[in-house]
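Enquirer: Spelled out from the first residue to the last, the chains are:
2 protein chains.
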Amino acid sequence: MEPTIIERPSYGVAVSALTILPIIGMGEIQPGQDLAGLAIAAAAKSGERFLTGDVVSVAQKAVSKMEGRLRRLADIEPGVEARRMAAEWPEKDARAIQAVLDESVRIVRWTNGILITETRHGFVCANAGVDRSNAGAQDTLVLLPFDPDASAARLRARFIEAAGADVAIVITDTFGRAWREGQVNVAIGIAGLPALERYQGRTDADGYELRITEMALADEVAAATELVQRKLERCPVAIVRGLTWSGAPETARAYVRPAERDLFR
Amino acid sequence: MEPTIIERPSYGVAVSALTILPIIGMGEIQPGQDLAGLAIAAAAKSGERFLTGDVVSVAQKAVSKMEGRLRRLADIEPGVEARRMAAEWPEKDARAIQAVLDESVRIVRWTNGILITETRHGFVCANAGVDRSNAGAQDTLVLLPFDPDASAARLRARFIEAAGADVAIVITDTFGRAWREGQVNVAIGIAGLPALERYQGRTDADGYELRITEMALADEVAAATELVQRKLERCPVAIVRGLTWSGAPETARAYVRPAERDLFR
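Sequence lines, in order, name chains C and B. With the numbering used here, letter number 241 in the first sequence gets 239, and the count goes up by one each step, no holes. With the numbering used here, letter number 11 in the second sequence gets 9, and the count goes up by one each step, no holes.
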């Protein structure tokens, strides 16, 4: 499915239709499996293939499972802090809290049994991204990748090797937000794509400098692909086809905002 | 361009590819113009038309201009508060600050000349969404629609009437976020689409109750269409084709989170 390209030389960037393709039929990802190879095979079964220029969105949980970023609850010895927190909120398992604390550098909020922390990567999210659902066994926790940008870079190399297509990779997770109800998918790991599209100093069609300075390109890719992946489906991989960009590749660390620059907290 | 539908009866929802189509060639929107009619005509020039089931994303600025939500700086008399704030940060025009205050119920942050407020609608964003760029004249400010959900409902009725297609409408604006660098497009007005896709009590493929409870469907539509609209283009309208949903229509007021429920602030 080739995108429709409408050339607009007056603005320098071609405006094109995008296609967002879910890759289904990959089954449950197991530790050590070749996620890229499984995605390429699943796509082929639908008569689809990965093309140079595709942005491939991969759900964090599939990456974490592939990488074996799992902990069994039975193996976790909760510390003093985790036991104190579990005592405050008896529905919570002290071992699960300990697993979250182990992935965190700071507790942002602990209220009504909901734990918001800052992860080692600098992301602020519920439970440091640690998840029990979809783990394949009820007593298993799935952690975020140790270094999601490195995971994205490895996946990208594997797609280039196995599909012969120079794709970009966005690893996504589902985060809550300040001020607004509802969660959205965001990018926690990136390879081959800018995190931010910078407009500083650029002017709009009327010649005025733009108020909006940095659009979160990879986060918007993550949100767009969630529309085809949806929560209840087993669809860890989706393709955004037809996207163009001009900036240099970045990692998702570009999204981590220093506290002193954050006016929205 | 019909979407590819892949039936997945085991999950109850069809997984389909999405197409995101920019509508170009609409020109600058003027007060009183028929935005839906202009979009339908512009689409026709590209051999495209609006179809039942399309989600039509419309940039706030085009809606505001159509509705004449404009103020001339020369007509604004700044009050005591606006003059005090402008004295603190001389690059800011006291009249522009006054226009922001007039659209706001609360100042969230006023630092380094950046003004974050809560709008009358309950949205938290920079400058209450008031913008100078793209206004067509340098001394004109563009305000958010008075009631973006009502604007969306009117646009939807007009599309149904003029295109004979039962489309949903999402009015988008570009907001900054807490914790993360970069802005994303979000939904500030909705008609014919749920704001939130609710998963409470639903189970995933393994039978576990889902940790993620509410996905911000219309916000994800807004982010997805920004990928084809991009900031420097004159492309106020884009179509998401192929999206399915099961919930009842909601307004964007569903995104306004009461302070006591907000753990991310």
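Read the hints as simulated data drawn from the structure, not as lab findings. Keep in mind that the hints are not guaranteed to be accurate.
Per label pair, the in silico range of CB-to-CB distance [unchecked claim]:
1. Asp100(C) to Ala85(B): 45 to 55 Å
2. Leu68(C) to Gln198(B): 17 to 27 Å
3. Arg82(B) to Arg104(C): 52 to 62 Å
4. Val103(C) to Gly120(B): 44 to 54 Å
5. Ala72(C) to Arg263(B): 31 to 41 Å
6. Pro247(C) to Asp145(B): 40 to 50 Å
7. Arg104(C) to Val103(B): 30 to 40 Å
8. Arg118(C) to Leu68(B): 43 to 53 Å
9. Ala148(B) to Gln28(C): 31 to 41 Å
10. Gly162(C) to Val103(B): 20 to 30 Å
11. Ala163(B) to Gln28(C): 43 to 53 Å
12. Phe144(C) to Arg104(B): 37 to 47 Å
13. Ala148(B) to Arg118(C): 23 to 33 Å
14. Gly120(C) to Val103(B): 53 to 63 Å
Chain B stretches covered by chain C per the calculated footprint, using a threshold of three residues with CB under 8 Å from any CB of chain C [stated by the list, open to error]:
15. 17 to 25
16. 169 to 178
17. 184 to 198
18. 220 to 228
Note that the structure is a prediction, hence the values are computed from the model and not measured. All C-beta atoms, glycine included, are put in the ideal place defined by N, C-alpha and C.
Enquirer: Indicate, hint by hint, whether the structure satisfies it.
Expert: Okay, the hints, checked on the actual structure:
1. Asp100(C) to Ala85(B): 45 to 55 Å: Given about 50 Å between the Cβ atoms, the range holds.
2. Leu68(C) to Gln198(B): 17 to 27 Å: The hinted range 17 to 27 Å holds for Leu68(C) and Gln198(B), with Cβ atoms some 26 Å apart.
3. Arg82(B) to Arg104(C): 52 to 62 Å: violated (36 Å)
4. Val103(C) to Gly120(B): 44 to 54 Å: Violated: the Cβ-Cβ distance is about 32 Å, outside 44 to 54 Å.
5. Ala72(C) to Arg263(B): 31 to 41 Å: Since Ala72(C) and Arg263(B) have Cβ atoms about 36 Å apart, the given range 31 to 41 Å holds.
6. Pro247(C) to Asp145(B): 40 to 50 Å: With a Cβ separation near 42 Å, Pro247(C) and Asp145(B) satisfy 40 to 50 Å, so the hint holds.
7. Arg104(C) to Val103(B): 30 to 40 Å: holds (31 Å)
8. Arg118(C) to Leu68(B): 43 to 53 Å: holds (48 Å)
9. Ala148(B) to Gln28(C): 31 to 41 Å: violated (51 Å)
10. Gly162(C) to Val103(B): 20 to 30 Å: violated (56 Å)
11. Ala163(B) to Gln28(C): 43 to 53 Å: holds (45 Å)
12. Phe144(C) to Arg104(B): 37 to 47 Å: holds (41 Å)
13. Ala148(B) to Arg118(C): 23 to 33 Å: violated (45 Å)
14. Gly120(C) to Val103(B): 53 to 63 Å: violated (32 Å)
15. 17 to 25: holds (count 5)
16. 169 to 178: holds (count 6)
17. 184 to 198: holds (count 5)
18. 220 to 228: holds (count 6)
Checked against the numbered hints above, the structure breaks hints 3, 4, 9, 10, 13 and 14 and satisfies the rest.
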